[in-house]
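Could you slot chain B with the ligands onto chain A? The hints should help.
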Amino acid sequence: MTLDWLMIIIKENWPMFLRGAGMTLLISLIGTVIGSIIGMLIGVIRTIPVPEEGVKRGLLKLVNAILSIYIEFFRGTPMIVQAMVIYYGSALAFGFDMDRVVAAIFIVSINTGAYMSEIVRGGIVSIDKGQFEAAHAIGMNHFQTMINVVLPQAIRNILPATGNEFVINIKDTSVLNVISVSELFFQTKSIAGNNFRYFESFFVASVLYLIMTFTVTRILRYVERKLDGPDNYDMIMMGNQMQVETPVIKEKNR
Amino acid sequence: MDAVIDIQHLSKAFGSHQVLKDIDFSVKKGEVVCIIGSSGSGKSTLLRCINLLEKPTGGQIIYHNENILDKKHDITAYRTKLGMVFQQFNLFNNHNVLNNCVVGQIKVLKRSREDAEKVAMKYLKVVGMDKYINAKPKQLSGGQKQRVAIARALAMEPDVLLFDEPTSALDPEMVGEVLKVMKELAESGLTMLVVTHEMGFAKEVSDRVVFMDKGVIAEEGTPDQIFNHPKEERTKEFLQRTRNSI
Ligand SMILES: Nc1ncnc2c1ncn2[C@@H]1O[C@H](COP(=O)(O)OP(=O)(O)O)[C@@H](O)[C@H]1O
Ligand SMILES: [Mg+2]
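Residue numbers (our numbering), protein chains in the order written: chain A, 1 to 254; chain B, 1001 to 1246.
Chain A extracted, bound-state conformation:
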């Protein structure tokens, strides 16, 4: 009978489930991308070496302090509370209701940005000091060094952590139902509210969440492997001797 109910619920509500899942995916994808960009910018700023004196030193310290507050605030409070504060706060401050989807993307983005900036910073400081020195010795400034040498390596290294943020976002967007965004949790709640079959409805939702997170994880694995790919191309050009080395290198990158 539960199984029957499952079938009925799916049959009657599949467009709503799919739209919910689509909205969840949309919010978490855009949120993760924008959050990663925010994290990248902040990570670069927070690794600028502080000059010993002068106006620039004061300015940089001030910027760093503000960024620290931002990071602490968003990592130290639940996203569900941030959603309420930002959504209702903006209505109070500007006198109009934000579009709920825009608000949702905004919240996920800045929340992810706070986590990503620490991940990016970790990725940057884990790059060998020699890479910075070689770039500086050639005459590159901090931003040239970052863009041309350090970030490409850091991004490769933090890709697993970024994928992890994406997966977390897929799950955590469910808290945005408090501002009535029509993501999967919110949709499921409406469905269950109509048919009073809470278990069956949310069981369907849980399967959909699992499919999304599982697929995203697989895709990211594939991208990682793809990024490591060009090695093989070079080796063909270079003869056999090199092929021996690849498995060792791949191991290390894990």
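Do not take every clue at face value.
Unchecked claim - Computed cross-link-like contacts, BS3-like style, restricted to lysine-lysine with a CA-CA straight-line distance of at most 30 Å: (1) A:K129 to B:K1231; (2) B:K1107 to A:K226; (3) B:K1110 to A:K56; (4) B:K1021 to B:K1072; (5) A:K61 to B:K1072; (6) A:K56 to B:K1071; (7) A:K11 to A:K226; (8) B:K1081 to B:K1214; (9) A:K129 to B:K1072; (10) B:K1125 to B:K1107; (11) B:K1118 to B:K1107.
Said to hold, decoys possible - Cβ pair distances, simulated, as ranges: (12) A:E118 to B:K1055: 22 to 32 Å; (13) A:K129 to B:G1030: 29 to 39 Å; (14) A:V223 to B:D1024: 55 to 65 Å; (15) B:A1013 to A:Y70: 35 to 45 Å; (16) B:T1076 to A:Y70: 41 to 51 Å; (17) A:V125 to B:R1234: 38 to 48 Å.
The hints are simulated quantities; they were obtained by calculation from the structure and are not laboratory data.
Beta carbons: idealized from backbone N, C-alpha and C, even for Gly.
Positioned in the frame of chain A, the structure of chain B with the ligands alone reads:
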């Protein structure tokens, strides 16, 4: 005189640790100077102060009649005029061999990619690495990496090339290929400042040898003066020790 770099009263302290004390020293155009001395005597710190990877705590570095330690001086522009070859190679891991030699030219010297690649190929030929332009650094041996690193520095067409123990991280059988390239560069008239433990190289290739001990220049002179007729007791001791260790 035609000194490329003229260092006066240079000093460097890390906290309370005085690593370089009142160094006076210059490199003339076309000169090959080798710096020798025991580990910890401050050789690397001197090179790193010269290209400002470390900030000197005192003294002057005169380049083209200007003290580059003046605050207003453009450090990055100065750095492009000094090439640096590191003990650990420090090739850009995210770039292949060609791009390692091209990226600085494009981003810093603002050359077109076409010009930059031409220049890069020219110097990769000089070091015998032109066949490996598509390889990533991790696919190369130590000796090959160091030769690419030399080409990368040359591609910026610097006034001076600084080497910090370029062969110390290499397996013994690869030392020769790198020293051979360096010798050819020296003979081509390039201005070079080389920190090295390769006494044979210093003896044969350099115009002048500088012996450093405990943060000061203890003695300097022609290779013949330093290796065959050292005046200072500590120079003699150091040379004795290096001979024994071989
Ligand atoms: N970044 C640093 N911080 C503190 N001490 C340093 C640093 N770099 C070098 N030193 C110290 O300076 C001294 C000289 O080091 P170095 O120039 O590397 O010598 P060398 O290259 O002749 O072996 C050593 O005692 C070393 O411990
Ligand atoms: Mg050293």
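Verification of the supplied hints:
A hinted pair counts as satisfied when its Cα atoms are at most 30 Å apart, and K129 of chain A with K1231 of chain B does not qualify at roughly 39 Å. Only pairs whose Cα atoms come within 30 Å are accepted, and K1107 of chain B paired with K226 of chain A is accepted, the gap being roughly 27 Å. The straight-line distance between the Cα atoms of K1110 of chain B and K56 of chain A is roughly 26 Å, inside the 30 Å bound, and the hint therefore holds. Of the supplied pair hints, the one linking K1021 of chain B and K1072 of chain B holds, its CA atoms being roughly 25 Å apart against a limit of 30 Å.
Between K61 of chain A and K1072 of chain B the alpha-carbon distance is near 22 Å, which keeps this suggested pair within the 30 Å criterion. A C-alpha spacing of about 13 Å is found between K56 of chain A and K1071 of chain B, which places the hinted pair at or below 30 Å, so the restraint holds. Straight-line distance between C-alpha atoms of K11 of chain A and K226 of chain A comes to about 39 Å, which puts the hinted pair past the 30 Å bound. Between K1081 of chain B and K1214 of chain B the alpha-carbon distance is near 29 Å, which keeps this suggested pair within the 30 Å criterion.
Restraint check for K129 of chain A and K1072 of chain B: satisfied, since their Cα atoms lie roughly 27 Å apart, inside the 30 Å limit. Distance restraint check for K1125 of chain B and K1107 of chain B: the Cα-Cα separation of roughly 22 Å lies within the 30 Å cut-off, and the hinted pair is therefore satisfied. The hinted pair formed by K1118 of chain B and K1107 of chain B meets the criterion: a straight-line CA distance of about 16 Å does not exceed 30 Å. Taking the beta carbon of each, E118 of chain A and K1055 of chain B are about 29 Å apart, inside 22 to 32 Å as hinted.
Distance hint check for K129 of chain A and G1030 of chain B: the Cβ-Cβ separation is about 33 Å, which falls inside the suggested range of 29 to 39 Å. Taking the beta carbon of each, V223 of chain A and D1024 of chain B are about 56 Å apart, inside 55 to 65 Å as hinted. Between A1013 of chain B and Y70 of chain A the CB atoms are about 37 Å apart, so this pair conforms to the stated range of 35 to 45 Å. One distance hint, 41 to 51 Å for the beta-carbon pair T1076 of chain B and Y70 of chain A, is violated here, with the actual separation near 31 Å.
Look at V125 of chain A against R1234 of chain B: about 40 Å separates their beta carbons, and that is inside 38 to 48 Å.
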